[in-house]
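J.: Put together the whole structure using the sequences plus the hints.
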Amino acid sequence: MRELICIVCPRGCHMQVDDGLNVTGNFCPRGAAYAKAELTHPTRVVTSTVRITGASYPRCPVKTAAPVPKEKVFDVMEAIGRVTLSAPVKVGQTVIGDVCGTGVAVVAAREMP
Amino acid sequence: MYELIVVGGGPAGLAAACAAWENGLRSILIVERDRDLGGILNQCIHNGFGLTWFKEELTGPEYAHRFIEMLSKTGVEVRTDTMVLDVTPDLQVHMTGPAAGYKIERAKSVILAMGCRERTRGAIGIPGTRPAGVYTAGAAQRYVNVEGWLPGKRVVILGSGDIGLIMARRMTLEGAKVLACVEVMPYSGGLTRNIVQCLQDFDIPLYLSHTVTEIRGRDRVEQVVVSAVDEGRRPVPGTEMVFDCDTLLLSVGLIPENELTGRAGVELDPRTKGAVVYENMETSVPGIFTCGNVTHVHDLVDFVSAESQRAGAAAANYVLRGPAAGESVALKNGFGVSYTVPQRVRPQNVEKSFNVFFRVNRIFGKSEIVVRAGERELCRFKRDRLAPGEMENIAVPVKLLEGVAGEITVEIREV
Numbered sequence: 001m002r003e004l005i006c007i008v009c010p011r012g013c014h015m016q017v018d019d020g021l022n023v024t025g026n027f028c029p030r031g032a033a034y035a036k037a038e039l040t041h042p043t044r045v046v047t048s049t050v051r052i053t054g055a056s057y058p059r060c061p062v063k064t065a066a067p068v069p070k071e072k073v074f075d076v077m078e079a080i081g082r083v084t085l086s087a088p089v090k091v092g093q094t095v096i097g098d099v100c101g102t103g104v105a106v107v108a109a110r111e112m113p
Numbered sequence: 001m002y003e004l005i006v007v008g009g010g011p012a013g014l015a016a017a018c019a020a021w022e023n024g025l026r027s028i029l030i031v032e033r034d035r036d037l038g039g040i041l042n043q044c045i046h047n048g049f050g051l052t053w054f055k056e057e058l059t060g061p062e063y064a065h066r067f068i069e070m071l072s073k074t075g076v077e078v079r080t081d082t083m084v085l086d087v088t089p090d091l092q093v094h095m096t097g098p099a100a101g102y103k104i105e106r107a108k109s110v111i112l113a114m115g116c117r118e119r120t121r122g123a124i125g126i127p128g129t130r131p132a133g134v135y136t137a138g139a140a141q142r143y144v145n146v147e148g149w150l151p152g153k154r155v156v157i158l159g160s161g162d163i164g165l166i167m168a169r170r171m172t173l174e175g176a177k178v179l180a181c182v183e184v185m186p187y188s189g190g191l192t193r194n195i196v197q198c199l200q201d202f203d204i205p206l207y208l209s210h211t212v213t214e215i216r217g218r219d220r221v222e223q224v225v226v227s228a229v230d231e232g233r234r235p236v237p238g239t240e241m242v243f244d245c246d247t248l249l250l251s252v253g254l255i256p257e258n259e260l261t262g263r264a265g266v267e268l269d270p271r272t273k274g275a276v277v278y279e280n281m282e283t284s285v286p287g288i289f290t291c292g293n294v295t296h297v298h299d300l301v302d303f304v305s306a307e308s309q310r311a312g313a314a315a316a317n318y319v320l321r322g323p324a325a326g327e328s329v330a331l332k333n334g335f336g337v338s339y340t341v342p343q344r345v346r347p348q349n350v351e352k353s354f355n356v357f358f359r360v361n362r363i364f365g366k367s368e369i370v371v372r373a374g375e376r377e378l379c380r381f382k383r384d385r386l387a388p389g390e391m392e393n394i395a396v397p398v399k400l401l402e403g404v405a406g407e408i409t410v411e412i413r414e415v
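Chains as they are written, first to last, in this note's numbering: chain E, 1 to 113; chain R, 1 to 415.
Do not take every clue at face value.
[Stated by the list, open to error] Derived contacts from chain R toward chain E, CB cut-off under 10 angstroms, selection only:
1) Arg33
2) Asp36
3) Asn42
4) Leu58
5) Val146
6) Glu147
7) Gly148
8) Glu390
[What the hints assert, rightly or not] Quick look at which bits of chain E chain R covers, simulated, 3 or more residues with Cβ under 8 angstroms:
9) 39-47
10) 52-59
11) 70-80
12) 95-102
Because the hints were derived from the structure by calculation, they are not lab data.
Here the structure is a predicted model, which means the values were calculated and not measured.
Ideal Cβ positions, reconstructed from N, Cα and C, are used throughout, including at glycine.
T.: Pasting the structure below:
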């Protein structure tokens, strides 16, 4: 039996997961999915910034468009750190097509005219 | 003369202005002191925003973008880079900025949406030297996420509010070593999910019932001393731990920024440090409304948007249909409850039910939130767990207030 706190939403449900991956204590089905993933292959969305030139600020916020394997978080950070964009940038614009072989894109999170 | 002037273009001001437009106002001005709209959301680059409001998980800038897009489809006028200096009780708004200079605009209604600011080292009086390297967590957040500077390499964080927790993760991802997060209370002030995904994910220790008792260093922070505290929050001699670090981040609370509110003659509540408000977010001065963190500090922007929408709709109602009428009932905080928003309700002005937002003053297990008028119980709501770090809210059916005069009390009963 494992105790787990759900991080899917701010509710923060206290969940219990048994050896057969049966989840209790979750308020919604997303909690059960999170608990199973967390005990088999944990993932996280990575948010950070990249350099940008020609905008009113020197950094543009970005995020992975989907969660990436937790053990790749620091590799993803390194890949993000090598990027420099130039303005203008649109929200949702692809910054890296497939980051670190995860099949997940890194996209811009702020309009930088 | 504007129908409505909104002071502040953060999440509260944006949602309020959009709602006022939707409810029929056509001459609305937002005054924002920063270069861009969006407020603090622009530096909150982490995700988790919008789960309630947009039913998806957004970053702060994306959440702001959604509202800015909505606003751009209206005729709401925006003045950025403009600072409001004064709002008078007769609704004159004094403002200044490099483009237009000093201006006085008149309005039929005003929404105060200035947000809050961080408590600093001075507010909690940490002993020691006064070197560089002591930042509020939000200032550090702006340096890292907007300006592109990393404020330090070895970091101790005092306070476990959400911004502190978020910055523990952020600094770690950017290559700094976060040595500890220190919290004076026996519980965290932040959301549980942030303890998990910001501290536990990176093996950052959380010291509850501990505080920083000394800052050392001449030009730059060199060490901080952390001590355990007793139940009275007094440091316990002999429990000192010394951390070699170059940076101390403070996440020790937020203060609603209410200088303008006070000067407008609006009654303030010492518990929330914001305005006393009615069910529709109207203050004690007719035509002045407030919403968002300037009213009471929220955990989630989604709730700020909802509250601000009510304020915007109410301002529109006030301008188009006149003041809300009716006797008011006062809401009192009983056992276990720190404050309530609203503080007053006019039953005549409520259709079905009104929401009461509050925080508890300690952690409760399985409990019931009880609303009573004198000794008569009006309703109760079950909860599995209540914590000061998580704002609660209940919807009270207005028909229960029939025959109630004076005041009602919201309190906690542990079961």
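J.: Hint by hint, say whether it matches the structure.
T.: Results of checking the hints against the structure:
1. The interface hint given for arginine 33 (chain R) is violated, since its Cβ lies 16 angstroms from the closest Cβ of chain E, which is over the 10 angstroms cut-off.
2. With a cut of 10 angstroms, the hint placing aspartate 36 (chain R) at the interface with chain E holds, because the nearest CB-to-CB distance is about 8 angstroms.
3. Contact between asparagine 42 (chain R) and chain E, as hinted, is supported at the beta carbon level, the nearest pair being about 7 angstroms apart and thus within 10 angstroms.
4. Because the beta carbon of leucine 58 (chain R) sits about 8 angstroms from the nearest beta carbon in chain E, less than 10 angstroms, this interface hint is met.
5. Interface hint status for valine 146 (chain R): upheld, as the beta-carbon distance to the closest one in chain E is roughly 5 angstroms, under 10 angstroms.
6. Taking 10 angstroms as the C-beta contact cut-off toward chain E, the hint placing glutamate 147 (chain R) at the interface holds, the least distance being around 7 angstroms.
7. Hint on glycine 148 (chain R) holds. Least Cβ distance to chain E is approximately 4 angstroms, under the 10 angstroms limit.
8. At a threshold of 10 angstroms, the smallest CB-CB gap from glutamate 390 (chain R) to chain E is about 8 angstroms, leaving the interface hint in force.
9. With 4 residues bearing a CB less than 8 angstroms from a CB of chain R, the stretch 39-47 of chain E meets the requirement of three and the coverage assertion stands.
10. Requiring three or more residues with a Cβ within less than 8 angstroms of a Cβ of chain R, the coverage given for the stretch 52-59 of chain E holds, as 4 such residues are present.
11. Given as covered by chain R, the stretch 70-80 of chain E passes the check, having 4 residues with a CB less than 8 angstroms from a CB of that chain where 3 are the minimum.
12. Given a C-beta distance limit of less than 8 angstroms, the hint that chain R covers the stretch 95-102 of chain E is violated, as 0 residues qualify and 3 are needed.
The structure is inconsistent with the numbered hints 1, 12, although it conforms to all the rest.
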